[in-house]
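**Student:** Sequence:
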Amino acid sequence: MEKTVFQLTLQDLTAVVNSIIAKDKIDITLSKPQLSRLEAERLYGEQRIKKWIKAGLLKPVSQNGKNSRIYFSHKKIIDLSQKSFHHLNHLDY
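Numbering (this note's numbering), first residue to last: 14 to 106.
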C-alpha cells in the first residue's frame, strides 16, 4: 500500500479545525428541541422571529412559570426558515 503525504499550511490546518468546530456547534444547536426567544433571535435573526410571532406562525411551546423564559419549537423555526414569507414584509415590528 502506498502512503500519501499531505502538506498543509497553518492557514489550511486552521480552516479545517474551525470547520470541524463549527459543524459540531451546529449539530449541538440543531439537536436542541426548544430555543428561548433570545437564542432563536441570535440564530435566525431578530426581525424574522418577530415577524413570525406577529403573523401567528410561531407560538410559544412552553413557559416555566410567571416571568420565566418562553421557549419555541426549534423544529418549527427551522421549518419557517426554510419557507418564504415575503408577503409578511409589510408588517410593522
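It is worth saying that the hints were derived from the structure and are not from the lab.
Just so you know, not all the hints are guaranteed correct.
Here are the in silico distance ranges between beta carbons for each label pair [stated by the list, open to error]:
{"id": "1", "residue 1": "Leu43", "residue 2": "Lys63", "range": "40 to 46 Å"}
{"id": "2", "residue 1": "Val18", "residue 2": "Lys63", "range": "49 to 55 Å"}
{"id": "3", "residue 1": "Gln20", "residue 2": "Ser44", "range": "23 to 29 Å"}
{"id": "4", "residue 1": "Val74", "residue 2": "Ile33", "range": "19 to 25 Å"}
{"id": "5", "residue 1": "Arg55", "residue 2": "Leu23", "range": "29 to 35 Å"}
{"id": "6", "residue 1": "Val18", "residue 2": "Lys67", "range": "21 to 27 Å"}
{"id": "7", "residue 1": "Val74", "residue 2": "Leu21", "range": "30 to 36 Å"}
{"id": "8", "residue 1": "Ile33", "residue 2": "Ile83", "range": "32 to 38 Å"}
{"id": "9", "residue 1": "Pro73", "residue 2": "Ala35", "range": "47 to 53 Å"}
{"id": "10", "residue 1": "Pro73", "residue 2": "Phe19", "range": "45 to 51 Å"}
As a list, the in silico EDC-like pairs of lysine to aspartate or glutamate whose alpha-carbon atoms are at most 20 Å apart [what the hints assert, rightly or not]:
{"id": "11", "residue 1": "Lys36", "residue 2": "Glu15"}
{"id": "12", "residue 1": "Lys88", "residue 2": "Glu52"}
{"id": "13", "residue 1": "Lys63", "residue 2": "Glu52"}
{"id": "14", "residue 1": "Lys96", "residue 2": "Asp37"}
{"id": "15", "residue 1": "Lys64", "residue 2": "Glu54"}
{"id": "16", "residue 1": "Lys64", "residue 2": "Glu52"}
{"id": "17", "residue 1": "Lys16", "residue 2": "Asp40"}
{"id": "18", "residue 1": "Lys38", "residue 2": "Glu15"}
{"id": "19", "residue 1": "Lys38", "residue 2": "Glu52"}
{"id": "20", "residue 1": "Lys88", "residue 2": "Asp25"}
{"id": "21", "residue 1": "Lys72", "residue 2": "Asp92"}
The beta carbon of each residue, even a glycine, is placed where N, CA and C say it ideally should be.
**Student:** If a hint holds in the structure, say so; if it does not, say that too.
**Tutor:** Taking the hints in turn, this is what the structure says about them:
1. At roughly 22 Å, the beta carbons of Leu43 and Lys63 sit outside the given window of 40 to 46 Å.
2. For the hinted restraint 49 to 55 Å between Val18 and Lys63, the CB-CB distance of approximately 53 Å keeps it satisfied.
3. Taking the beta carbon of each, Gln20 and Ser44 are about 36 Å apart, not inside 23 to 29 Å as hinted.
4. Between Val74 and Ile33 the beta carbon distance is about 32 Å. The supplied range of 19 to 25 Å is therefore violated.
5. Our hint of 29 to 35 Å for Arg55 and Leu23 holds, since their Cβ atoms are close to 31 Å apart.
6. At about 58 Å, the beta-carbon gap between Val18 and Lys67 misses the expected band of 21 to 27 Å.
7. The hint said 30 to 36 Å for the Cβ distance between Val74 and Leu21, and at roughly 45 Å that hint is violated.
8. Judged by the Cβ atoms, the range 32 to 38 Å given for Ile33 and Ile83 holds: they are separated by roughly 33 Å.
9. With their beta carbons about 29 Å apart, Pro73 and Ala35 fall outside the hinted range of 47 to 53 Å.
10. In this structure the hint that Pro73 and Phe19 lie 45 to 51 Å apart at CB holds, the actual value being about 50 Å.
11. With a CA separation close to 31 Å, the supplied pair Lys36 and Glu15 exceeds the 20 Å bound.
12. Annotation: proposed proximity of Lys88 to Glu52 holds, straight-line Cα distance about 14 Å (limit 20 Å).
13. For the hint pairing Lys63 with Glu52, the CA-to-CA distance comes to about 13 Å; that is within 20 Å, so the pair holds.
14. Our distance criterion of 20 Å between C-alpha atoms is broken by Lys96 and Asp37, whose separation comes to about 25 Å.
15. As the CA atoms of Lys64 and Glu54 are separated by approximately 11 Å, the hinted pair is consistent with the 20 Å bound.
16. Of the pairs offered as hints, the one joining Lys64 and Glu52 holds, with about 16 Å between alpha carbons and a cut-off of 20 Å not exceeded.
17. Between Lys16 and Asp40 the CA atoms are separated by roughly 33 Å; this puts the pair beyond 20 Å, and the hint is violated.
18. Of the pairs offered as hints, the one joining Lys38 and Glu15 is violated, with about 36 Å between alpha carbons and a cut-off of 20 Å exceeded.
19. A C-alpha spacing of about 14 Å is found between Lys38 and Glu52, which places the hinted pair at or below 20 Å, so the restraint holds.
20. Straight-line distance between C-alpha atoms of Lys88 and Asp25 comes to about 34 Å, which puts the hinted pair past the 20 Å bound.
21. For a cut-off of 20 Å, the pair hint linking Lys72 to Asp92 stands: about 13 Å separates their Cα positions.
Violation of the numbered hints given earlier is confined to hints 1, 3, 4, 6, 7, 9, 11, 14, 17, 18, 20; the remaining hints are satisfied by the structure.
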